[in-house]
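First to last, the protein sequences are chains A and B.
Quick note: the first sequence uses the numbering used here, first residue 1, plus one each step.
Quick note: the second sequence uses the numbering used here, first residue 1001, plus one each step.
It is possible that some hints are incorrect.
What the hints assert, rightly or not - Partial selection, computed: residues in chain B whose CB lies under 8 Å from chain A: (1) 1471; (2) 1475; (3) 1478; (4) 1479; (5) 1480; (6) 1481; (7) 1482; (8) 1483; (9) 1485; (10) 1486; (11) 1489; (12) 1494; (13) 1496; (14) 1497; (15) 1498.
As the list claims (entries may be wrong) - Below are the SDA-like pairs computed for lysine to any residue, each with C-alpha atoms no more than 20 Å apart in a straight line: (16) 52/A with 1404/B; (17) 1114/B with 1319/B; (18) 52/A with 1474/B; (19) 52/A with 1475/B; (20) 52/A with 1406/B.
Since the hints were made in silico from the structure, they are not lab data.
Cβ atoms here follow ideal geometry from the backbone N, Cα and C, with glycine treated the same way.
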Amino acid sequence: MLDVVDVRKRFESKVAVDAVSLSVAPGEIMAVLGPSGCGKSTLLSLIAGLEKPDAGDVRWAGESLLATPTHQRGFGLMFQDYALFPHRDVFANVAFGLRMQGLATESIRERVGAALEMVGLSGYGRRSVTTLSGGEQQRVALARALAPRPRVLMLDEPLGALDRALREQLVEELGRILHSWEGRPAVLYVTHDQAEAFALADRVAVMRAGLLEQIGTPDVLVQGPVNAFVADFLGLGALVPARRLSGNTAETPWGPWPLTSPANAQGTLGHILIRLDAAAGSAPVEGPRLTGKVVGRLPQSLGVRVLLDLGTQGESITVPLILRSEHAPAVGQSLTVALNPERLTFIAATS
Amino acid sequence: MTLAGPRGEGRSARGERDRVFRSSLLALRSSPLLLTPLLFLAVFYAWPLGAILARSLAPEGGLDLGPGLAVLGRASTWSVIGFTLWQAALSTIATVLVGLPGAYLIGRYDFPGKRWLRALSGVPFVLPTLVVGAGFSALLGDRGVVNQALMSWFGLEAPPVQVLGSLSAIVLGHVFYNTTLIIRLVGDAWARLDPRPLAAARTLGASPIRAFVEVTLPLLAPSLSMATLLVFTFDVASFGVILILGGPRFATLETEIYRQAMNLFNLPSAAVLTLIQLVLTLGLALAYNGLASAAARRGLNTGATGARPRPRPVRGPMAWAALGFTLIVVIGLMGAPLLALVGRSLIGSEGLSLAAYAELFVNRRASAFYVAPFQALLNSLGIAGVTALIALALGLPAAYVISRPGRAARMLDAALLLPLGTSAVSLGLGYLLAFSRAPVAWRSEPWLLPVAHALIAFPFTVRSLVPAWQGVRARLRQAAAVLGANPWAVVREIDLPLISRAVIVAGAFAFAISLGEFGATALLTRPEFPTLPVAIFNYLGQPGALNYGQALAMSTILMLVCALAIVVIEGLEPEDADV
Chain A
1 MLDVVDVRKR
11 FESKVAVDAV
21 SLSVAPGEIM
31 AVLGPSGCGK
41 STLLSLIAGL
51 EKPDAGDVRW
61 AGESLLATPT
71 HQRGFGLMFQ
81 DYALFPHRDV
91 FANVAFGLRM
101 QGLATESIRE
111 RVGAALEMVG
121 LSGYGRRSVT
131 TLSGGEQQRV
141 ALARALAPRP
151 RVLMLDEPLG
161 ALDRALREQL
171 VEELGRILHS
181 WEGRPAVLYV
191 THDQAEAFAL
201 ADRVAVMRAG
211 LLEQIGTPDV
221 LVQGPVNAFV
231 ADFLGLGALV
241 PARRLSGNTA
251 ETPWGPWPLT
261 SPANAQGTLG
271 HILIRLDAAA
281 GSAPVEGPRL
291 TGKVVGRLPQ
301 SLGVRVLLDL
311 GTQGESITVP
321 LILRSEHAPA
331 VGQSLTVALN
341 PERLTFIAAT
351 S
Chain B
1001 MTLAGPRGEG
1011 RSARGERDRV
1021 FRSSLLALRS
1031 SPLLLTPLLF
1041 LAVFYAWPLG
1051 AILARSLAPE
1061 GGLDLGPGLA
1071 VLGRASTWSV
1081 IGFTLWQAAL
1091 STIATVLVGL
1101 PGAYLIGRYD
1111 FPGKRWLRAL
1121 SGVPFVLPTL
1131 VVGAGFSALL
1141 GDRGVVNQAL
1151 MSWFGLEAPP
1161 VQVLGSLSAI
1171 VLGHVFYNTT
1181 LIIRLVGDAW
1191 ARLDPRPLAA
1201 ARTLGASPIR
1211 AFVEVTLPLL
1221 APSLSMATLL
1231 VFTFDVASFG
1241 VILILGGPRF
1251 ATLETEIYRQ
1261 AMNLFNLPSA
1271 AVLTLIQLVL
1281 TLGLALAYNG
1291 LASAAARRGL
1301 NTGATGARPR
1311 PRPVRGPMAW
1321 AALGFTLIVV
1331 IGLMGAPLLA
1341 LVGRSLIGSE
1351 GLSLAAYAEL
1361 FVNRRASAFY
1371 VAPFQALLNS
1381 LGIAGVTALI
1391 ALALGLPAAY
1401 VISRPGRAAR
1411 MLDAALLLPL
1421 GTSAVSLGLG
1431 YLLAFSRAPV
1441 AWRSEPWLLP
1451 VAHALIAFPF
1461 TVRSLVPAWQ
1471 GVRARLRQAA
1481 AVLGANPWAV
1491 VREIDLPLIS
1501 RAVIVAGAFA
1511 FAISLGEFGA
1521 TALLTRPEFP
1531 TLPVAIFNYL
1541 GQPGALNYGQ
1551 ALAMSTILML
1561 VCALAIVVIE
1571 GLEPEDADV
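One chain only, chain A, in its complex shape:
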């Protein structure tokens, strides 16, 4: 079990990682999700021992690793730019970690072969790494990180440098490889792409500006985002300011609305999350509704994604909603939409 306990790191005046704690079990895949600059790569460096935390601890099986130098931690790290050794061929790259472990030549040959086969690059052993395509380099980097059977495998935006088509194809493959690789390492997968994170991970940790906002399974995050940032980052819908009046009612700029809130929601000031699918099928007479002007209209497979400009009280709020195409007027027209209270979630403001 990998335990990161209250780890902090600052670089000169900037706090990169601020009291982050998380745990990853062997065989579990945890995604660290966040925007650029939120500190997720620094977190990986700290866990790998490439940087020393200012405070906190990194533990494996209960024992602190702070005094252990990087090359003795037994953790694998796959860099965003792959960092393949240009002066060695594919075989030598993948074999590097095994050589450092002092394995016999025969074992090395077997293990490298198995690793290359796992990533679909059998027979590439003698190729020079500088002649490989982006996708091939990525696989070599993965094979190199996996071959020594690390107890923790960290991947820093492994698909970041690839074009979209390749990325979608590789997410699937990556998932398959990670789940079936021997040794079942604990996996930390850093990305800014929510779809990737949700596709691969058992649990997701959302980070912003060095802080861990929320950790949970994808379902938990979607159903109960703990604050406005998480809801917004996950693209769950628009947020409008609100004040909770009682159990299931909140005061909004459009009057009181009934709503659903997660069991642990506290506080009175916050936002209401209007989920993408909050538009009610038929329009009830009472109940929450929104009126505004359509400023965007994007037909999609599940309906038409409409952007509604509410233009209220000086600041303009735009709400994305998915409507059935017959209910979605053209751009420029005004629209009134009834909202399903079950798809409205109150999120308290955090100080």
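Chain B: place on chain A using the hints.
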């Protein structure tokens, strides 16, 4: 499958001391690496320097400024200082004027053979001063090609061309040496200039000359001033050129130190003069360093402006004139003495012959004090090899430390300025003074000479290695560490293979510098163990056609070996690397 658990000792337990030297968790600990080069500098640089200071300021033990002030009081001292600066200034101006057309050519135009021209212009720079002196002698000396030809064609009694032994010869020699600095440093900077400001000036109505003066010149000013200062520094510390091309009539600080020490045995006087020379050269080195830092800070030299002009094919009168002039300079000024050297060495009493070369193997005097000249060649090669090894053994750890961020790096980088700003003769004198008595009576030890050469070559070796080491991506080291490589394994597996080219270049540089070194060697040489430059110097100074021929033959061989080293350097070094 489990891996080793945590080690017993903790990094956090090592305390404050580490933070001064530790720059990254992955690097080798800087302090032991620093130790060897610093120790070397302390014993073989600081100590001799101290000996010079002691001899000038405290000749009898206690502080006694008397002898020092006496030297300063003499008019001759000041005329020597004055001439040093005067000849350096003249030489520098001439060099800049000769080099600017070439810089213009390299900076703005492209043509077939451009790379060759640039490389050829660099050949003189690494040639030993003895070779250059011999070359000019072979071209313009009394026994040289021009005079012999003119005498036989016109039936003259005395050699008509008397250039050697004059100030013009000195200036000529310096121009020969240093023009390449202007061509390369200014030319490369010119090539990196952003063309857009110049274009903007032209569209705003500036004529070509106006635009050049108002836009290009100010942008070139940093590199031009740095190159000029560098040339001036080399000219101030020049030794072989003054001695051979100027002759006994002229005295600069450097030659005067030599004369006082070796001919007049007046060590205290030599020491005071050395002190003056040190102040001068160190001051110049600091000034150069200051200019370089300022330029780097403003980003003007790094081409940080982004857009690079595409070099145009040669067109228009200015370009053709520049090309023609540069060709004349490179082939005429630089090539002629070297060609004359080779040619003259092959001319015996009856036309072409290899007699001079054959004579190299003969020890005609058959006395213990003289060795066959060929032995001198072997000595030089051996010394050069050992020098390269010492320079690399010290330069590699020093460059490693300097290429990392941190205080240790800046400290060592600054310390390197010292040997760079010390003239060779000063160093030689320091060794004479410091290592003459037990328990450090190393003056006669054979290994002292390679040590001196390594010290002279040290800054160049390190400066060649640092950029290469900085070019090794930190990511690669991190990847290796994560895969289980301890810091030594990282250096072995990642750094060294990736800098192997630079190592060869640095070694070749040190080898070439040692081969041609004359200043320090002149003071430390022993008759039974001469180096090739010393042997050439001796033979040049003796009458007789055979001696002269042998001097030229040895110079030719020396030139060819150095040229080989240059070819290696040019071949392996990336384009527009720093000198």
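Each hint, compared with the structure:
no.: 1; hint: 1471; verdict: 12 Å, violated
no.: 2; hint: 1475; verdict: 4 Å, holds
no.: 3; hint: 1478; verdict: 5 Å, holds
no.: 4; hint: 1479; verdict: 4 Å, holds
no.: 5; hint: 1480; verdict: 7 Å, holds
no.: 6; hint: 1481; verdict: 4 Å, holds
no.: 7; hint: 1482; verdict: 4 Å, holds
no.: 8; hint: 1483; verdict: 4 Å, holds
no.: 9; hint: 1485; verdict: 5 Å, holds
no.: 10; hint: 1486; verdict: 5 Å, holds
no.: 11; hint: 1489; verdict: 7 Å, holds
no.: 12; hint: 1494; verdict: 7 Å, holds
no.: 13; hint: 1496; verdict: 10 Å, violated
no.: 14; hint: 1497; verdict: 5 Å, holds
no.: 15; hint: 1498; verdict: 6 Å, holds
no.: 16; hint: 52/A with 1404/B; verdict: 18 Å, holds
no.: 17; hint: 1114/B with 1319/B; verdict: 13 Å, holds
no.: 18; hint: 52/A with 1474/B; verdict: 16 Å, holds
no.: 19; hint: 52/A with 1475/B; verdict: 17 Å, holds
no.: 20; hint: 52/A with 1406/B; verdict: 17 Å, holds
In terms of the numbered hints stated before, the structure departs from hints 1, 13, listed from lowest to highest.
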